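Student: Next come the chains, spelled out residue by residue.
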Amino acid sequence: MKRFAFFPGCLIPARHPAMEFAIREALPRLGIEIVDLDNASCCPDPIYFKSKDKLSWLAVAARNLCLAEDLGLDIFTNCSGCTATLSETYHLLQNEVLREKVNKRLKRIGREYKGTSRVRHIVTLLRDFAGYEAIKDSVERPLEGLKMAIHYGCHLLKPSRIMQVDDPNDPSVMENLVTALGATPVRHRNWYLCCGKACQSDEVPSNMMHDLLGTVNDEHADILCMICPTCFGQFDFGQMKVSKQFGEDFHTPPVYYFQLLAFAQGVPYDKLGLERQRFKPDCLRRFETTTIPEG
Amino acid sequence: MPQKPKDSPSGKNKVARIDFRFRRELAEKIEGDLASFCYQCGACVGDCPATTYGSDFNPRDIMLKVLYGLGDELLGENSILWECTNCYNCHERCPQDVKPVEVIISLKNMLADLGIYPPAVEKVIQTFEKTGRTVPLSDAVNRQREKFGLPPLPEVPMEEIQKLIEPDSEEGEKD
Ligand code: SF4
Ligand code: SF4
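If you read the protein sequences in the order shown, they are chains A and B.
For the first sequence, position 293 matches number 293 in the numbering used here, and the numbering has no gaps at all.
Take the position in the second sequence, starting the count at 1, then add 1000; the result is the number in the numbering used here.
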């Protein structure tokens, strides 16, 4: 077993516990041991709190990294927003002047940031520590014939020099992960667009989502595979809003990748919380003909 | 050559006076000084979703205003800065490592110093400062978790967080 400290953030544990459940089902089947972090806070979020005061934002993020340093483990995130904050903190604090400023703050609570724990997005755990083959082997019901459009979102890939996950102009990691499930990845024309959640105008996100969902529809995808809980919200509730606003029928169910993985590994559909979504991935049910002992 | 700004206070006498105080304040924010390297090539614009899907937003233009020191045009109620989607495309594209999105966030830090936030933004910040989370804990949250066999979420040690986010007055970080 390879061990990693788990940084679940706010959105997944509090708003989408089904996603956390799926992660806890899926990773151990791939030889990855989840070590829980005590006393973590919000990463803090890279949109709102960072807009208030970057130095405080860095200090709180560094404190979260210190918790993993105490355990002597690398830290992994399941939300692209948390990854953005923690990876950027790791990167910025390689600068000594900044590190000293942040450590002055941490001294107030008797902590020191050392930079010994690396930050990893959960996707890279699968790719680099489990491997696509092992994922394929863990799959008990291959999702053959399912077409999955992929929404990479922004912070899994960008800024690439800091995230160091994949080529932001032509990534492949999610395609490979979808292929490992037995499904068929499809790349829609507007795959590189953002979900727009951080934007405070109404115009930008709704126009962008409209364009994006249009090209997802062109591909007749069964599922929109998601890797970020913030994007997920935009495509679940948001998809309904955009459909109404433009008078068009958009209805591709968004599903977080780890729920797909856990399902393919044999976790029953009804245990995965998918019925709570506005757009339900009923297309998965046809793979459930054989009953598999509980995992 | 870029045109002289039209309606800015500094443009009144047809002379652009650079507000260096604004630029110095911005430069004190983390990565706020990077705008100085902008040579106005516009590579950040083509892939900017807020430019493509909005009406007025343009990261090159924002960098130009910073270079001219036109703080007044950026730092007010309903600032255009909030249309940025934080997608990081400009960071990816800029040949000068300006990181326009980081300059924009530094400008938002200046807005925060003035106490100006959109209500939705302020609400999330307050939730974080009160609870250490952006999604607060509640019995309903823990009941949901229980359904998935997950333990209740623990409280965040707020004494630590509050100490960390206090400004640096005694250490002389800010004047
Ligand atoms: S890409 Fe960089 S150098 Fe070019 S205009 Fe944008 S910020 Fe300036
Ligand atoms: S981060 Fe903001 S300014 Fe930069 S490309 Fe995205 S929306 Fe435009």
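Hints listed in this document are in silico derivations from the structure and should not be mistaken for laboratory results.
Mixed in with the good hints, there may be bad ones.
[As the list claims (entries may be wrong)] 30 Å max Cα-Cα, derived DSSO-like pairs, lysine-lysine:
no., chain 1, residue 1, chain 2, residue 2
1, A, LYS101, B, LYS1147
2, A, LYS197, A, LYS114
3, B, LYS1163, A, LYS2
4, A, LYS271, A, LYS147
5, B, LYS1163, B, LYS1130
6, B, LYS1163, A, LYS114
7, A, LYS197, A, LYS241
8, A, LYS2, B, LYS1147
9, A, LYS271, B, LYS1147
10, A, LYS241, B, LYS1147
11, A, LYS114, A, LYS104
12, B, LYS1147, A, LYS107
13, B, LYS1029, A, LYS114
14, A, LYS280, A, LYS136
15, B, LYS1163, B, LYS1123
16, A, LYS244, B, LYS1130
17, B, LYS1130, B, LYS1147
18, B, LYS1147, A, LYS104
All of these numbers come straight from a predicted model, not from anything done at the bench.
Student: Checking against the hints above, which ones are violated?
Tutor: 1, 2, 3, 12, 16 and 18
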